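Engineer: Letter by letter, the chains look like this.
2 protein chains.
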Amino acid sequence: MSKPSLPRGTRDFGPEVVRKRNYILGTIRGVFELYGFQPLETPAMENLETLMGKYGEEGDKLIFKILNNGLDEPAKQASAREGFDKILDGKNSTSVTEKALKYDLTIPFARYVAMNHGQLTFPFRRYQIQPVWRADKPSKGRYREFTQCDVDVVGSKSLINEVELAVIYHSVMTRLGLYGYELRVNSRKILGALAEVCGGLDKLTDIAVAIDKLDKIGLDKVKEELAARGLTETQIASIEKYLTIAGDNEDKMRQATELIGHTDSGRQGLNEIRFLLDHLMPGKNAPGASPNLVVDLTLARGLNYYTGIIFEVKAPPSVQIGSIGGGGRYDDLTGLFGVPGVPGVGVSFGVDRIYDVIEALQLFPGDVYTGTQVLFFNLGADESRAAFTLMQQLRGTGVRCEIYHEAAKFDKQFRYAEKKQIPYAVILGAQELTQGTCVVKDLVKGEQITISQEALPRHGF
Amino acid sequence: MSKPSLPRGTRDFGPEVVRKRNYILGTIRGVFELYGFQPLETPAMENLETLMGKYGEEGDKLIFKILNNGLDEPAKQASAREGFDKILDGKNSTSVTEKALKYDLTIPFARYVAMNHGQLTFPFRRYQIQPVWRADKPSKGRYREFTQCDVDVVGSKSLINEVELAVIYHSVMTRLGLYGYELRVNSRKILGALAEVCGGLDKLTDIAVAIDKLDKIGLDKVKEELAARGLTETQIASIEKYLTIAGDNEDKMRQATELIGHTDSGRQGLNEIRFLLDHLMPGKNAPGASPNLVVDLTLARGLNYYTGIIFEVKAPPSVQIGSIGGGGRYDDLTGLFGVPGVPGVGVSFGVDRIYDVIEALQLFPGDVYTGTQVLFFNLGADESRAAFTLMQQLRGTGVRCEIYHEAAKFDKQFRYAEKKQIPYAVILGAQELTQGTCVVKDLVKGEQITISQEALPRHGF
Numbered sequence: 001m002s003k004p005s006l007p008r009g010t011r012d013f014g015p016e017v018v019r020k021r022n023y024i025l026g027t028i029r030g031v032f033e034l035y036g037f038q039p040l041e042t043p044a045m046e047n048l049e050t051l052m053g054k055y056g057e058e059g060d061k062l063i064f065k066i067l068n069n070g071l072d073e074p075a076k077q078a079s080a081r082e083g084f085d086k087i088l089d090g091k092n093s094t095s096v097t098e099k100a101l102k103y104d105l106t107i108p109f110a111r112y113v114a115m116n117h118g119q120l121t122f123p124f125r126r127y128q129i130q131p132v133w134r135a136d137k138p139s140k141g142r143y144r145e146f147t148q149c150d151v152d153v154v155g156s157k158s159l160i161n162e163v164e165l166a167v168i169y170h171s172v173m174t175r176l177g178l179y180g181y182e183l184r185v186n187s188r189k190i191l192g193a194l195a196e197v198c199g200g201l202d203k204l205t206d207i208a209v210a211i212d213k214l215d216k217i218g219l220d221k222v223k224e225e226l227a228a229r230g231l232t233e234t235q236i237a238s239i240e241k242y243l244t245i246a247g248d249n250e251d252k253m254r255q256a257t258e259l260i261g262h263t264d265s266g267r268q269g270l271n272e273i274r275f276l277l278d279h280l281m282p283g284k285n286a287p288g289a290s291p292n293l294v295v296d297l298t299l300a301r302g303l304n305y306y307t308g309i310i311f312e313v314k315a316p317p318s319v320q321i322g323s324i325g326g327g328g329r330y331d332d333l334t335g336l337f338g339v340p341g342v343p344g345v346g347v348s349f350g351v352d353r354i355y356d357v358i359e360a361l362q363l364f365p366g367d368v369y370t371g372t373q374v375l376f377f378n379l380g381a382d383e384s385r386a387a388f389t390l391m392q393q394l395r396g397t398g399v400r401c402e403i404y405h406e407a408a409k410f411d412k413q414f415r416y417a418e419k420k421q422i423p424y425a426v427i428l429g430a431q432e433l434t435q436g437t438c439v440v441k442d443l444v445k446g447e448q449i450t451i452s453q454e455a456l457p458r459h460g461f
Numbered sequence: 001m002s003k004p005s006l007p008r009g010t011r012d013f014g015p016e017v018v019r020k021r022n023y024i025l026g027t028i029r030g031v032f033e034l035y036g037f038q039p040l041e042t043p044a045m046e047n048l049e050t051l052m053g054k055y056g057e058e059g060d061k062l063i064f065k066i067l068n069n070g071l072d073e074p075a076k077q078a079s080a081r082e083g084f085d086k087i088l089d090g091k092n093s094t095s096v097t098e099k100a101l102k103y104d105l106t107i108p109f110a111r112y113v114a115m116n117h118g119q120l121t122f123p124f125r126r127y128q129i130q131p132v133w134r135a136d137k138p139s140k141g142r143y144r145e146f147t148q149c150d151v152d153v154v155g156s157k158s159l160i161n162e163v164e165l166a167v168i169y170h171s172v173m174t175r176l177g178l179y180g181y182e183l184r185v186n187s188r189k190i191l192g193a194l195a196e197v198c199g200g201l202d203k204l205t206d207i208a209v210a211i212d213k214l215d216k217i218g219l220d221k222v223k224e225e226l227a228a229r230g231l232t233e234t235q236i237a238s239i240e241k242y243l244t245i246a247g248d249n250e251d252k253m254r255q256a257t258e259l260i261g262h263t264d265s266g267r268q269g270l271n272e273i274r275f276l277l278d279h280l281m282p283g284k285n286a287p288g289a290s291p292n293l294v295v296d297l298t299l300a301r302g303l304n305y306y307t308g309i310i311f312e313v314k315a316p317p318s319v320q321i322g323s324i325g326g327g328g329r330y331d332d333l334t335g336l337f338g339v340p341g342v343p344g345v346g347v348s349f350g351v352d353r354i355y356d357v358i359e360a361l362q363l364f365p366g367d368v369y370t371g372t373q374v375l376f377f378n379l380g381a382d383e384s385r386a387a388f389t390l391m392q393q394l395r396g397t398g399v400r401c402e403i404y405h406e407a408a409k410f411d412k413q414f415r416y417a418e419k420k421q422i423p424y425a426v427i428l429g430a431q432e433l434t435q436g437t438c439v440v441k442d443l444v445k446g447e448q449i450t451i452s453q454e455a456l457p458r459h460g461f
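Line by line, the protein sequences are chains A and B.
Under our numbering, the first residue of the first sequence carries the number 1, and numbering increases by one thereafter.
Under our numbering, the first residue of the second sequence carries the number 1, and numbering increases by one thereafter.
Simulated from the structure, these hints should not be mistaken for lab results.
Careful: at least some of the hints might be erroneous.
Note: identical chains are not told apart, hence a pair may lie in one copy or across any two.
[Said to hold, decoys possible] Straight-line alpha carbon distances no greater than 20 Å define the calculated DMTMM-like cross-link-like pairs of lysine to aspartate or glutamate that follow:
(1) K213 with D296
(2) K61 with E98
(3) K86 with D72
(4) K445 with E145
(5) K54 with D332
In this text the structure is predicted, and so the values were computed from the model without any measurement.
Just need the whole structure built from these sequences, with the hints factored in.
Structural biologist: Structure (structure tokens):
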């Protein structure tokens with residue numbers, strides 16, 4: 001038989017990686033709960049029709065579809081054969097595949113809200129941390145199975161929700177030790193106002209696409225692209241003025257007001273940001289303050305369904321990783337599923353990238369590297385039975401213990417502890433058994449002491 | 001568009017259900033960690049060839065296969081069409097499907113150990129809590145996506161591992177409040193000895209299959225079945241004598257020794273159980289004692305790969321749910337993947353059934369029903385800004401809070417708190433704002449007090 005392997009773009013997570021991931025996910029989950037968000041879990045599989053057509057033509061192609069079972073049953077063969085022709089034709093066929101793996105958490109969330117909106121209490125505050133699957137070409141940092149981590153409030157237009165989400169970012173990032181992160185904020189309404197001022201709303205997409213590339217290609221190339229997209233020199237000059245707005249948040253607000261504050265859309269967008277600034281920067285030490293908030297008028301967040309405030313989180317500048325989260329406000333979550341009138345706002349955390357940032361900055365806490373804390377040596381039948389009893393007492397105090405599985409030479413047991421990075425050994429030989437004592441050995445320092453067996457559960461580990 | 005729905009046999013888990021499930025899974029995970037087991041996570045998708053042929057012909061049919069992407073590309077169409085003919089013929093074809101959803105946690109674990117055995121430290125103690133997928137016909141309590149929860153030690157033949165697993169069951173069950181559970185134990189070697197004594201080892205399967213049905217069909221029907229399977233009256237009489245062995249554990253051991261203690265296999269099996277009894281029942285209050293251990297010589301655990309001790313956990317008799325876990329020792333985990341010589345022992349927890357038992361016995365702790373603990377009322381812009389600051393202080397002490405999303409009538413905000421079962425409200429109106437106070441209302445008791453804002457973070461919730 002050939003050597004076993006993993007599907008491309010998928011990963012096993014061994015013990016240390018699971019502990020590191022759980023440290024991140026547990027931190028995020030803890031903050032979500034503290035902010036009154038409730039957990040939701042949806043199945044890995046959705047009906048294909050729930051997913052198709054929601055992610056654009058490119059997205060549709062990247063959905064993993066599940067083959068119907070029992071296609072070899074005689075009654076099903078004819079329609080399956082016919083259905084497969086459709087699939088070869090780039091279409092779908094429920095006689096071949098009617099289920100698929102979820103592609104993100106947003107559409108399943110929308111499906112859930114649409115199915116349960118009569119029972120839910122709005123505003124509905126939910127978080128969801130689950131894997132999703134995409135048939136993307138695997139590359140460094142891009143996987144076919146990866147964890148998404150979303151938090152949304154739906155059924156409310158209040159900006160207090162945006163404030164809450166900004167504070168959630170701040171709380172998570174500082175708990176993870178990423179003090180140098182930046183939360184960039186803008187409003188789609190401001191970009192709309194810019195388009196209105198520079199060529200009309202029909203140019204919004206052109207302008208947003210070009211601006212989105214500013215970081216990558218620089219101002220000159222953006223200007224070239226705008227010209228290629230048919231904007232006039234005057235319009236491009238206005239956009240350039242907008243793109244070169246600089247200074248602190250208040251400077252930027254002032255300059256933006258001059259440029260687009262006279263339009264309805266501009267005024268609304270600036271008011272949204274003002275609301276955030278008032279709540280989040282009342283003084284850097286005030287509770288709820290998020291001094292990492294940066295007004296970034298060049299933030300566009302692609303061409304998706306955002307309609308108001310948009311967010312993006314940048315990793316601390318000491319690592320070259322860039323965006324580790326983002327989100328924004330949308331007008332209509334569930335319209336696609338026949339339930340109109342559910343606006344909301346949500347953000348997500350890029351778990352894999354946050355992992356890489358924390359790894360690069362060596363910010364994982366020491367205890368993620370420790371599994372078992374104490375190894376009880378096994379030195380024979382009577383000794384191991386006594387050791388087992390002692391071990392149970394120690395476990396009762398919350399210390400993670402194991403006993404070596406068989407009586408073996410000291411060397412072998414030490415080597416096992418070393419390989420598994422177990423910091424302490426408890427040794428109970430014939431002599432200790434008679435004396436009611438045990439030897440506690442600190443394997444990191446190489447020191448050891450003999451204590452009474454009764455004292456062991458009170459010995460700190 | 002048609003109303004959205006879920007694939008058959010799958011479930012959404014809303015907030016309360018997630019909290020209840022996490023209570024169970026967190027309890028189990030906590031015990032696993034305390035016993036020095038390490039977490040492993042494998043992808044949802046495995047290569048089809050990793051899974052096929054491992055679960056018998058019936059099992060193969062229940063594996064969810066994933067359609068290859070890009071089948072509509074011209075270069076792939078011909079071989080895909082050819083491959084689909086094979087699928088209609090009940091065979092597999094990598095040109096149509098090369099990946100599948102995992103069917104259990106054991107084969108992916110074996111694949112992981114085979115792929116990494118050079119790097120792992122043996123004995124390798126791992127636990128794994130993840131969803132698996134089966135295209136079974138959905139019915140009450142049987143789902144197409146469900147969570148498995150496995151714990152194994154591999155690379156060791158020592159019975160101390162069986163002792164550890166038995167104590168893990170005891171620790172989890174008592175932490176969950178299921179004091180009346182029973183851990184049934186037997187050894188496949190004893191069943192082998194019985195077959196040896198009653199008709200030869202070639203009858204082991206017949207005998208095991210029949211015995212396995214004892215609970216369901218009763219002794220008379222088992223005897224009929226044994227006769228139909230060609231056993232003589234004398235043989236059946238011996239089996240009957242074996243099946244009617246009764247009394248406490250020591251009684252059973254004595255009677256079994258009489259019947260099959262003279263065979264090698266019987267002696268070995270009885271010694272295995274003796275080892276467990278010596279370690280686990282040294283006195284009901286001794287550390288590590290598992291007084292719920294019941295020697296059950298009729299336990300067979302189907303026809304799988306077990307070779308030594310087998311376990312089954314029965315729910316407390318006050319609920320009619322039966323088995324909520326089981327497992328046993330196997331000789332060879334990874335031989336199928338080209339790595340021989342890795343014996344092990346493992347058990348699993350039936351999470352969905354444990355959930356049903358705890359629900360039926362009303363043993364979920366009160367706090368799984370509480371999401372947000374405190375709702376801050378929103379009574380206007382100035383009031384809500386002050387409330388927000390207070391809320392952040394309270395969150396800083398670990399209290400789960402939210403603020404109502406908009407200024408609204410008292411009624412509406414109370415109704416929201418009630419629907420969400422939030423136990424406390426903090427009310428901060430214009431008067432409280434001036435006085436530096438706030439009203440804390442206990443929504444369960446209907447009582448309220450006015451306290452200073454400074455005192456709020458020290459007020460217990």
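Engineer: Confirm or reject each hint.
Structural biologist: Do the hints match the structure? See the list:
1. K213 with D296: Within. Shortest intra-copy distance 14 Å satisfies the 20 Å Cα cut-off; inter-copy 70 Å does not.
2. K61 with E98: For K61 and E98, both the intra-copy (15 Å) and inter-copy (17 Å) Cα distances are at most 20 Å.
3. K86 with D72: both (18 Å within a copy, 9 Å between copies)
4. K445 with E145: Neither. Shortest intra-copy (41 Å) and inter-copy (48 Å) distances fail the 20 Å Cα cut-off.
5. K54 with D332: Only inside one copy: K54 and D332 sit 13 Å apart there, 47 Å across copies, limit 20 Å.
In this structure, only the earlier hint numbered 4 is contradicted, and the remaining ones agree with it.
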